[in-house]
Amino acid sequence: EIDYYKNELSNLLTKTFNSFDKKDKGVYVQASTLGSLEALLDFLRQSKIPYSGINIGPVHKRDVISAMTMLEHNKMYAVILAFDVKVNVDAQAMADKAGIRIFTAQIIYHLYDQYVNYE
Numbered sequence: 001e002i003d004y005y006k007n008e009l010s011n012l013l014t015k016t017f018n019s020f021d022k023k024d025k026g027v028y029v030q031a032s033t034l035g036s037l038e039a040l041l042d043f044l045r046q047s048k049i050p051y052s053g054i055n056i057g058p059v060h061k062r063d064v065i066s067a068m069t070m071l072e073h074n075k076m077y078a079v080i081l082a083f084d085v086k087v088n089v090d091a092q093a094m095a096d097k098a099g100i101r102i103f104t105a106q107i108i109y110h111l112y113d114q115y116v117n118y119e
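Using the UniProt record's numbering, the first residue of the sequence shown is number 1, and each one after it goes up by one.
Hints may contain errors.
Calculated cross-link-like contacts (lysine to any residue; reagent style SDA-like; alpha-carbon spacing at most 20 Å) [to be verified]:
| # | residue 1 | residue 2 |
| --- | --- | --- |
| 1 | K75 | G57 |
| 2 | K86 | Y115 |
| 3 | K86 | T33 |
| 4 | K23 | K97 |
| 5 | K48 | K86 |
| 6 | K86 | E72 |
| 7 | K61 | Y109 |
| 8 | K25 | E38 |
| 9 | K86 | R101 |
| 10 | K75 | A98 |
| 11 | K86 | I108 |
| 12 | K48 | Y77 |
| 13 | K23 | L71 |
| 14 | K86 | S36 |
| 15 | K75 | E38 |
| 16 | K97 | M76 |
| 17 | K75 | A93 |
| 18 | K75 | I107 |
| 19 | K25 | A93 |
| 20 | K61 | F43 |
| 21 | K61 | I49 |
| 22 | K86 | E119 |
| 23 | K23 | D90 |
| 24 | K25 | S66 |
| 25 | K25 | Y112 |
| 26 | K23 | I2 |
| 27 | K61 | A98 |
| 28 | K86 | G57 |
| 29 | K97 | Y112 |
| 30 | K23 | Y4 |
| 31 | K23 | F43 |
| 32 | K25 | F103 |
| 33 | K97 | E72 |
| 34 | K75 | G99 |
| 35 | K25 | L71 |
| 36 | K23 | I49 |
| 37 | K48 | E38 |
Simulated from the structure, these hints should not be mistaken for lab results.
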C-alpha cells in the first residue's frame, strides 16, 4: 500500500513538473516546496526571466550539472536560483569550480535582486 502511494505521488510530481512552461534556455530554479516553486516561477514569468530547469529540495550536484548546460548557451543563465533551500557543500564546490553562480534567499524579491544585480 505504501508503494502504491509513493508511486502515485511520484507520478503526480512528474506530471506537475512537466506542466511548467520550461524553456530551452534559462535559469535553474530550486525551491523548498511545490507552493514556493509555483510562486517563484510565477514571479519569474512576470519578470520575463526564462527558466529551463526546476527542482524541489536542497541543491545537490545533479542540480549543478543541470545548470551547467547553460554555460554553452548564455552565461547569464548558468545560475541556480535557490529559494528557501540549503545548498549541499559538494554542490557548492562543484558550482564554484564550474563557474555556476548559486543565489540563495528566503524571500523571492531578494533572490530576484541578487540575480538582476549579477546581470
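Evaluation of the provided hints:
no.: 1; hint: K75 / G57; in the structure: violated, 24 Å
no.: 2; hint: K86 / Y115; in the structure: holds, 18 Å
no.: 3; hint: K86 / T33; in the structure: holds, 13 Å
no.: 4; hint: K23 / K97; in the structure: violated, 25 Å
no.: 5; hint: K48 / K86; in the structure: violated, 26 Å
no.: 6; hint: K86 / E72; in the structure: violated, 26 Å
no.: 7; hint: K61 / Y109; in the structure: violated, 25 Å
no.: 8; hint: K25 / E38; in the structure: holds, 19 Å
no.: 9; hint: K86 / R101; in the structure: holds, 14 Å
no.: 10; hint: K75 / A98; in the structure: holds, 11 Å
no.: 11; hint: K86 / I108; in the structure: holds, 15 Å
no.: 12; hint: K48 / Y77; in the structure: holds, 13 Å
no.: 13; hint: K23 / L71; in the structure: holds, 15 Å
no.: 14; hint: K86 / S36; in the structure: holds, 14 Å
no.: 15; hint: K75 / E38; in the structure: violated, 25 Å
no.: 16; hint: K97 / M76; in the structure: holds, 16 Å
no.: 17; hint: K75 / A93; in the structure: holds, 18 Å
no.: 18; hint: K75 / I107; in the structure: violated, 24 Å
no.: 19; hint: K25 / A93; in the structure: violated, 24 Å
no.: 20; hint: K61 / F43; in the structure: violated, 26 Å
no.: 21; hint: K61 / I49; in the structure: violated, 23 Å
no.: 22; hint: K86 / E119; in the structure: violated, 23 Å
no.: 23; hint: K23 / D90; in the structure: violated, 27 Å
no.: 24; hint: K25 / S66; in the structure: holds, 12 Å
no.: 25; hint: K25 / Y112; in the structure: holds, 18 Å
no.: 26; hint: K23 / I2; in the structure: violated, 35 Å
no.: 27; hint: K61 / A98; in the structure: holds, 11 Å
no.: 28; hint: K86 / G57; in the structure: holds, 8 Å
no.: 29; hint: K97 / Y112; in the structure: violated, 24 Å
no.: 30; hint: K23 / Y4; in the structure: violated, 32 Å
no.: 31; hint: K23 / F43; in the structure: holds, 15 Å
no.: 32; hint: K25 / F103; in the structure: holds, 18 Å
no.: 33; hint: K97 / E72; in the structure: holds, 16 Å
no.: 34; hint: K75 / G99; in the structure: holds, 9 Å
no.: 35; hint: K25 / L71; in the structure: holds, 10 Å
no.: 36; hint: K23 / I49; in the structure: holds, 10 Å
no.: 37; hint: K48 / E38; in the structure: holds, 15 Å
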